[in-house]
Amino acid sequence: MKMPKIIINGREIEFEKGMTVLQACELAHVEIPRFCYHEKLSIAGNCRMCLVEMEKSPKPIASCAMPAAEGMNIKTNTPFVEKARKGVMEFLLANHPLDCPVCDQGGECDLQDQSMFYGIDKSRFVENKRQVKEKYMGPLIKTQMTRCIHCTRCVRFATEVAGVPEIGAIGRGENMEITTYLEKAMESELSANVIDLCPVGALTSKPYAFEARPWELKKTESIDVMDAVGSNIRVDTYNWEVKRILPRLNNEINEEWISDKTRYSCDGILKQRLDVPYIKKNNKLEKSSWDEAIDLILNKIRSVQPNEIAGHIGDMVNLENALAFKKLFKVLNSSNIEFREKKIYINSTEKINYIFNSSIRGIEDSDLILLIGTNPRHEATMVNARIRKAFAQKKTPIFSIGNPGNLTYDYTILGNKSEDIKKILNKEVEFYKKLLSAKKPIIIIGESALGLKSGKYIFEEIKNFLKNNNFITKDWNALNFLPQNASTVGLIDLKILSEENEKNYSFFEKLNNNEFKLLYLLGSDNLEFKKNDEFIIYQGSHGDRGAEIADIVLPSAAYTEQNGLYENLEGRVQECKKASYPIGEALEDWKIFNLIIKKLIKTENLSNFSLLRKEVLNSIPNFTKINELPLYKDSENKKITTNFLSEEIIINELDYFYTNSISRASKTMSECRQINQSPKKTGTDN
Amino acid sequence: MTLKQVHSEQPKEFKFSNENLDKAEEILKRYPEKNRKSAVMPFLYLAQRQNNNWIPLAAMKYIAKYLSMPYISVYEIATFYTMYNLAPVGKYFVQVCTTSPCLIQGADKIVKLCKEKISPNENKISKNGNCSWVEVECLGACVSGPVIQINDDYYEDLDEKNTIEIIDSLIKDKPLQPGSYRGRKSTAPEKKQLENGKNHA
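As you go down the protein sequences, you meet chains Y and R in turn.
Here the first sequence is numbered in the working numbering, starting from 1 and rising by one per residue.
Here the second sequence is numbered in the working numbering, starting from 1 and rising by one per residue.
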């Protein structure tokens, strides 16, 4: 097909049908100033900053809203355009306060930047400036509504992307105000993205208020570990302190958004930190030194049998450290290592069994989505945002087995019993026809479903069903597992789970039978068990649940303080980078293992981090490249016998703002949690 | 014009009366099923009629649920249009037209009288609780200005004297008849008076 052409500043450019003039200008590398236009949101056309000159049009046109057409002649650098934009800027500044010196947006403000080009140094506006009362928008968003230029980006974001239509523009004309309904906190896990979207300082970050200026921060591009999505983030640090976390554009994963937990858990990195080794003496943890702590550990190791030593890896541990931990256990001659926090069925024989095969971007191509025992809104917020996008833009039908509550989009509940799955697989209900007639279905199986007694049945039979119906192929793979923790997929790849023959949960059985005498917790705070007389070593960054029950506490670095690889739920290997340094005497985890191994066998077999990384990359099956999806390999035909059990599928509610040690230490997260648990009641709440 | 303020005291509940429910269903028939929410404006009007000429928040919530739309959207609409009252108004709600034609004919004098006789501020109910007044844009009766609208009725061709009489009658709760106060039929031309060169209001 021939592409239509448009002339921009005398240069002919080919563009795709359906593009707007502004997008065509971007193709021609011509920058158009804008406030209300945003790539990921619908077009509003109300700021008028993007005016350009079009031949044969007596008036300037708003390029963001004008569809590009064949033969248009657009000029963006004429005095006519400049005068028009200057006029618009003067109107925008008429009511905008001159408080840049005390405004948090200063230095990264679109209005500030653009007024450098189009602003006039004097104001002709002699009337009083508009006054607007401050609005309450929850514990994350600080408002200063006199600065608002009514671009309505936040309104569109809340309605379109977040799916919680709670922000709106009330009143009209000069009295127009942006507010949430009756000034309630926005009930969304994506709410803080409106801060990034706001082109001025009307919506700024409350926890970050007056903390720093953007130009004095060190910016490190990194990866988030609050959930298994692996959102791309930028960590801004001032000396040791992580001041804030911002999203990085990655259309494959998080687009331009991140969840509130990702963004605001960062104040938890500064609190509750373990800075020196602690040893429990007289039932109290007392400060100690590395030498003393390691000597004590060695004594303990020597006093027990190797099979009485067990290790558990937590939710935010990177792959290098996990591998080093595994090596340490090899030296200790123990194979009791595990990463699961609960008994969930995982078949680690093939990579497709434990990743999100359809890929996050693939959700948009899908024509049917079935959730089984999962609440993606809490378990993987950005995946849920993508499902919502598919729902909003393509009306993709969504079904669920089990009731996950409000997911910000409409879905149909097919049932909440394991029989309901059986009926679909046995083609006993009408739904199977819908499933089979879909071209690109997606089935998402959550940890809640796999944690059931029939978890094995659910997983293996669904896999079998999809395979028999050609839904597991190189082009489209409908089988998806939704893990909850950042470390899960990588740790399955490194085979850090007790999977001996059919006994899938041997670690948990031994743990509950008190067969372990020495338990080494590596950043593991969510393992639930009854402590008896085990000797517990906790190694991690935060004084949380793990450190509470420990006999020895070893301080290590948090995820922003060490380099490391993480594998996200799609099996994409990404690099988390060191933005800051560990506090006090804390060390990176692998260095601690090194200390132990060195004293134990008098050799240094973990001396080099880059070797460790190389080994990690070699041991990941189907690995292609960093930041890329893994290879697809055809699945083996191995029949696995399963037993059906009739049970109810209950989706375990996550304490969303309190899922890991960092978010539990964060003050902001506690505030969010409080508000979510007891919504601010207003006069008319019935 | 300032942003309309929501009243501080709000009723807990709101429901359409049976009669209004029938009307609401009738209104919904005007719109295709997928555009149900188009009915929001007539619904707000119904609610305002039912609730002594003002819309409480509970009614907005009720309408939002009725039409399955977000609360904020209904709230946006109710705050946008000036003819929806978000706070109680007097039993006699006086709307004084102050757009150019009426103003030329002396609407400012009527405003002054309202300030003196009803309440010094717009949208404040008079001492005896019977009246409130507000300045509005063109009422569309320019030919018989100055005009005031009291509840549903137009009082036309006013001058100071008539206005005082009308307002007094409202305060006494015995409103005078609506219509022209110069004995005009509809908007018929008045040759005689014009020949006298007499000025009105």
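Hints may be right or wrong, so weigh each one.
[Unchecked claim] Computed list of lysine to aspartate or glutamate pairs in EDC-like fashion (alpha-carbon distance at most 16 Å, straight line):
1. K4(R) x E177(Y)
2. K206(Y) x E671(Y)
3. K389(Y) x E419(Y)
4. K517(Y) x E183(Y)
5. K4(R) x E174(Y)
6. K117(R) x D168(R)
7. K530(Y) x D551(Y)
8. K5(Y) x E55(Y)
9. K61(R) x E183(Y)
[What the hints assert, rightly or not] Derived CB-CB ranges, DEER-like:
10. L21(R) x I7(Y): 55 to 61 Å
11. K439(Y) x S38(R): 33 to 39 Å
12. F644(Y) x L21(R): 49 to 55 Å
13. E190(R) x S42(Y): 52 to 58 Å
14. S42(Y) x S38(R): 39 to 45 Å
15. K427(Y) x E19(R): 48 to 54 Å
16. G45(Y) x T82(R): 22 to 28 Å
Everything labelled a hint here was simulated from the structure, so no lab data went into it.
We treat Cβ as the ideally placed atom computed from N, Cα and C, and that holds for glycine.
Hint check:
no., hint, in the structure
1, K4(R) x E177(Y), "holds, 11 Å"
2, K206(Y) x E671(Y), "holds, 12 Å"
3, K389(Y) x E419(Y), "violated, 31 Å"
4, K517(Y) x E183(Y), "violated, 55 Å"
5, K4(R) x E174(Y), "holds, 12 Å"
6, K117(R) x D168(R), "holds, 8 Å"
7, K530(Y) x D551(Y), "holds, 15 Å"
8, K5(Y) x E55(Y), "holds, 15 Å"
9, K61(R) x E183(Y), "holds, 15 Å"
10, L21(R) x I7(Y): 55 to 61 Å, "holds, 60 Å"
11, K439(Y) x S38(R): 33 to 39 Å, "holds, 35 Å"
12, F644(Y) x L21(R): 49 to 55 Å, "holds, 50 Å"
13, E190(R) x S42(Y): 52 to 58 Å, "holds, 55 Å"
14, S42(Y) x S38(R): 39 to 45 Å, "violated, 20 Å"
15, K427(Y) x E19(R): 48 to 54 Å, "holds, 53 Å"
16, G45(Y) x T82(R): 22 to 28 Å, "holds, 25 Å"
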